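Kindly generate the complete structure, drawing on both the sequences and the hints.
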Amino acid sequence: MQSLQPDPNAQYRSVYGALKRIVRTEGLLRPLRGLNITVLGAGPAHALYFACYERIKRSLSDVIQNGGNSHIANGVAGSVATVLHDGIMNPAEVVKQRMQMYNSPYRSLYDCVLTISRKEGLAAFYRSYSTQLTMNIPFQAVHFITYEFMQEHFNPERQYRPETHIVSGAAAGAVSAAITTPLDVCKTLLNTQENVALSSAHVSGNLSGMVNALRTVYRLGGVPAFFKGIQARVIYQMPSTAIAWSVYEFFKYFLTQHEPHIQELGRNTHKASPT
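Once you know that position 60 of the sequence shown is 78 in the numbering used here, the rest is easy, because the numbers rise by one and skip nothing.
Some hints here could point you the wrong way.
[Claimed, not checked] Restricting the straight-line Cα-Cα distance to at most 20 Å, the calculated cross-link-like pairs of lysine to any residue (SDA-like) are:
#1 K137 x V221
#2 K114 x V41
#3 K270 x G61
#4 K270 x P180
#5 K270 x K137
#6 K270 x L66
#7 K137 x K38
#8 K38 x I248
#9 K114 x L46
#10 K114 x K137
[What the hints assert, rightly or not] Now the in silico label distances, taken between C-beta atoms and shown as ranges:
#11 E181 x L140: 21 to 31 Å
#12 N84 x F269: 19 to 29 Å
#13 Y271 x H220: 51 to 61 Å
#14 R237 x K270: 43 to 53 Å
#15 P257 x E72: 18 to 28 Å
Calculated directly from the structure, the hints in this document are not laboratory data.
All figures in this text were calculated on a predicted structure; none of them were measured in a lab.
Positions of the beta carbon are idealized from the N, C-alpha and C atoms, including for glycine.
Below is the structure:
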């Protein structure tokens with residue numbers, strides 16, 4: 019839906035209409051294309067993301083609010099964590115979006131990675147990294163501030179309460195997704211290097227840079243073009259962030275409750291190991 023100059027067969031008026039046509043014309047599994055590369059990148063990316071967030075949030079909160087909740091600490095921690103997260107996920111995003119475009123020529127994940135690296139070089143996997151950070155740093159800052167704000171109101175004791183994590187996560191995803199949609203449109207253009215759109219804008223070669231992306235999007239569709247796919251983006255982010263926070267808070271609670279046992283098990287394993 020974010021394609022600026024889509025094929026006539028890939029022009030969609032709504033999220034439901036897009037999903038229905040994709041399934042009807044391209045097959046039931048087509049909406050899941052690119053899932054494999056997302057799974058490969060998401061594990062290590064999110065591990066760094068949450069570990070960095072918790073560490074920086076705690077350290078800054080101790081300085082700013084004497085251990086209390088600080089929106090500044092939450093925003094800064096989310097922004098720094100994003101730099102590490104996107105360093106891993108940016109190449110995965112490039113491959114995923116190339117494979118998801120209508121009439122994508124790539125037969126498989128391996129074929130996509132090999133073709134991009136041969137034709138455009140390894141730099142192609144990080145062509146949108148600065149744009150991704152420009153989008154995701156405010157996205158994650160708003161995301162974490164909104165989540166922590168919601169938790170303050172619905173779960174001030176900060177206990178493990180799944181329903182509050184679901185609601186807070188969904189709200190955080192919706193607000194941050196809506197605000198950063200224009201930047202996401204630019205990132206998609208840089209990742210896909212949409213041939214028809216670039217030809218219409220008289221762009222030769224590969225498009226690079228945030229400023230060039232902003233100019234090209236505006237030239238092709240004006241202000242409305244920056245909000246292409248906003249409905250789909252919000253609908254996608256709400257369950258996505260709700261699930262992410264629910265799973266994260268569950269394991270955080272589970273591991274915290276069992277921490278003494280885990281530490282004892284680690285000490286016993288260390289003693290039993292040969293020196």
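Verification of the hints:
Taking the CA atoms of K137 and V221, the gap is about 18 Å. The hint holds against a cut of 20 Å. Pair hint K114 plus V41 holds up; C-alpha atoms about 18 Å apart against a cutoff of 20 Å. With a C-alpha separation of about 16 Å, the suggested pair K270 and G61 falls inside the 20 Å cut-off, and the hint holds. Restraint check for K270 and P180: satisfied, since their Cα atoms lie roughly 12 Å apart, inside the 20 Å limit.
Taking the CA atoms of K270 and K137, the gap is about 44 Å. The hint is violated against a cut of 20 Å. For the hint linking K270 to L66, the alpha-carbon distance of about 15 Å falls within 20 Å, and the restraint holds. Using a Cα cut-off of 20 Å, the hinted pair K137 and K38 is violated, with the two alpha carbons roughly 34 Å apart. Between K38 and I248 the CA atoms are separated by roughly 18 Å; this keeps the pair inside 20 Å, and the hint holds.
Restraint check: the Cα-Cα separation between K114 and L46 comes to about 18 Å, which is no more than 20 Å; the hinted pair holds. For the hint linking K114 to K137, the alpha-carbon distance of about 17 Å falls within 20 Å, and the restraint holds. The beta-carbon spacing between E181 and L140, approximately 45 Å, falls outside the hinted interval of 21 to 31 Å. Restraint check, N84 to F269: a C-beta distance of roughly 28 Å satisfies the suggested window 19 to 29 Å.
The beta-carbon spacing between Y271 and H220, approximately 55 Å, falls within the hinted interval of 51 to 61 Å. Between R237 and K270 the C-beta distance comes to about 46 Å, which sits within the given range of 43 to 53 Å. For P257 and E72, the hinted distance range of 18 to 28 Å is satisfied, since their beta carbons lie about 23 Å from each other.
Against the hints set out earlier in the document, violations occur for numbers 5, 7 and 11.
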